[in-house]
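K.L.:
Here are the chains, one letter per residue:
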Amino acid sequence: MILLVAILAGLVVGLSLARVQKRPWTVPPLRKPWLVIIAFLPQFFNLYLPATRTRVSDDLAAAGLIVSLVLLLVFCWFNRRLSGVWLLALGLFFNLLVIAANGGFMPISPQTASRLVSPESLAALGNGGRFGYKDILLLPEQTRLIWLSDHFLLPEGFPYQVAFSLGDMFIAAGAFWLMVTQGKPLEEALKNKPKNKIAKESEC
Amino acid sequence: MKTQFAKLFVFSQKINRQHIQVAFALLALVLFVLGASAPDDGGLIPR
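Protein sequence lines correspond, in order, to chains D and E. Here this note's numbering is used: the first residue of the first sequence is 16, the next is one more, and so on. Here this note's numbering is used: the first residue of the second sequence is 1069, the next is one more, and so on.
Calculated directly from the structure, the hints in this document are not laboratory data. All C-beta atoms in this analysis are idealised placements derived from N, C-alpha and C, irrespective of residue type, glycine included. Please note: incorrect hints may appear among the correct ones.
The following residues of chain D were derived to be distant from chain E, with all beta-carbon distances above 12 Å [unchecked claim]:
no.	residue
1	Ser31
2	Lys37
3	Ser129
4	Glu171
Per label pair, the in silico range of CB-to-CB distance [said to hold, decoys possible]:
no.	chain 1	residue 1	chain 2	residue 2	range
5	D	Tyr175	E	Thr1071	41 to 51 Å
6	D	Arg159	E	Lys1075	51 to 61 Å
7	E	Lys1075	D	Phe173	37 to 47 Å
8	D	Ser136	E	Phe1079	45 to 55 Å
9	E	Gln1086	D	Val28	14 to 24 Å
10	D	Arg159	E	Lys1082	46 to 56 Å
11	D	Leu154	E	Gln1086	50 to 60 Å
12	D	Glu135	E	Val1078	31 to 41 Å
13	E	Ile1083	D	Gln36	21 to 31 Å
14	E	Val1090	D	Pro155	39 to 49 Å
15	E	Gln1086	D	Phe173	32 to 42 Å
16	D	Val20	E	Thr1071	36 to 46 Å
17	D	Leu88	E	Ala1074	24 to 34 Å
Could you put the whole structure together from the sequences, leaning on the hints where they help?
P.N.:
Here is the structure:
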């Protein structure tokens, strides 16, 4: 949920820029947006929806997550000409890489997780246990590509604590950039020139 | 009641294809970010 702040911030900055430049703000002309909805479905049923997530085995949930991320990469390919999408794709690729390398879930170390939940809850989960929606508790020495795992935390003073990965940071930056530039290259967005080509492509 | 229905009808006529496209694109972007990212606040686990 914290990454939705990036979209909201991009929307506010994009709208403000458009207002200053006295031009209309338009939503990024995404191609094949229905692909995202299809890609999200396995995650929705396997990881998020309480009625179904408890009935799905870990193996199926892991496979569903990887299929979902691959479909999202395909969506990035169709939208590769929009500015910001390469950042989204890079972040997604990093997350896919570390998730695939660690059995289909995002690894998080007990040390990082201890900042999010009580020690009793952590002890009850044990090593290798599912943590949250997409994470799995793994010791650092058991984690592959640890630098891509959920090991970043907000500063201790923050009232809301969340663990996130390098890929998540790229995704947040990409979403922000996409909203600010409306998918156009920045020079064009700043020059205030409409690009018919992109608009036509979005209709496909 | 009739006035409210009339207002609703007028409002629904103002929703055009472009509004739906904007809403759909925003929904796609939100779902993309939710789907592609993997931050965790331990929300499912008791604190």
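K.L.:
Now tell me, hint by hint, if it's right for this structure.
P.N.:
Status of each hint after checking the structure:
1. Non-interface call for Ser31 of chain D relative to chain E: holds, since the shortest CB-CB distance, roughly 18 Å, exceeds 12 Å.
2. With a least beta-carbon separation of about 20 Å from chain E, Lys37 of chain D lies farther than 12 Å from that chain, consistent with its non-interface assignment.
3. Consistency note on Ser129 of chain D: stated as away from chain E, yet its beta-carbon is not over 12 Å from all of that chain's, at 10 Å minimum.
4. Against the 12 Å criterion, Glu171 of chain D stays outside the reach of chain E, whose nearest CB is about 15 Å from its own CB.
5. Range check, Tyr175 of chain D to Thr1071 of chain E: about 44 Å between beta-carbon atoms, so the 41 to 51 Å window is met.
6. Under the hint 51 to 61 Å, the C-beta atoms of Arg159 of chain D and Lys1075 of chain E, about 59 Å apart, fit the expected range.
7. Checking the proposed 37 to 47 Å range against Lys1075 of chain E and Phe173 of chain D shows it holds: the Cβ atoms sit about 44 Å from each other.
8. Our hint of 45 to 55 Å for Ser136 of chain D and Phe1079 of chain E holds, since their Cβ atoms are close to 48 Å apart.
9. At about 22 Å, the beta-carbon gap between Gln1086 of chain E and Val28 of chain D stays in the expected band of 14 to 24 Å.
10. Separation of Arg159 of chain D from Lys1082 of chain E is about 53 Å and conforms to the stated range, judged on CB atoms against 46 to 56 Å.
11. Hint check: Leu154 of chain D to Gln1086 of chain E, Cβ distance near 52 Å, so the stated range 50 to 60 Å holds.
12. Taking the beta carbon of each, Glu135 of chain D and Val1078 of chain E are about 57 Å apart, not inside 31 to 41 Å as hinted.
13. Taking 21 to 31 Å as the suggested C-beta distance range, the pair Ile1083 of chain E and Gln36 of chain D conforms, at roughly 27 Å.
14. Under the hint 39 to 49 Å, the C-beta atoms of Val1090 of chain E and Pro155 of chain D, about 44 Å apart, fit the expected range.
15. For Gln1086 of chain E and Phe173 of chain D, the hinted distance range of 32 to 42 Å is satisfied, since their beta carbons lie about 39 Å from each other.
16. The hinted window of 36 to 46 Å between Val20 of chain D and Thr1071 of chain E holds, with their beta carbons roughly 39 Å apart.
17. A hinted range of 24 to 34 Å is violated for the C-beta pair Leu88 of chain D and Ala1074 of chain E, which are about 48 Å apart.
When held up to the earlier numbered hints, the structure conflicts with 3, 12, 17 and fits the remainder.
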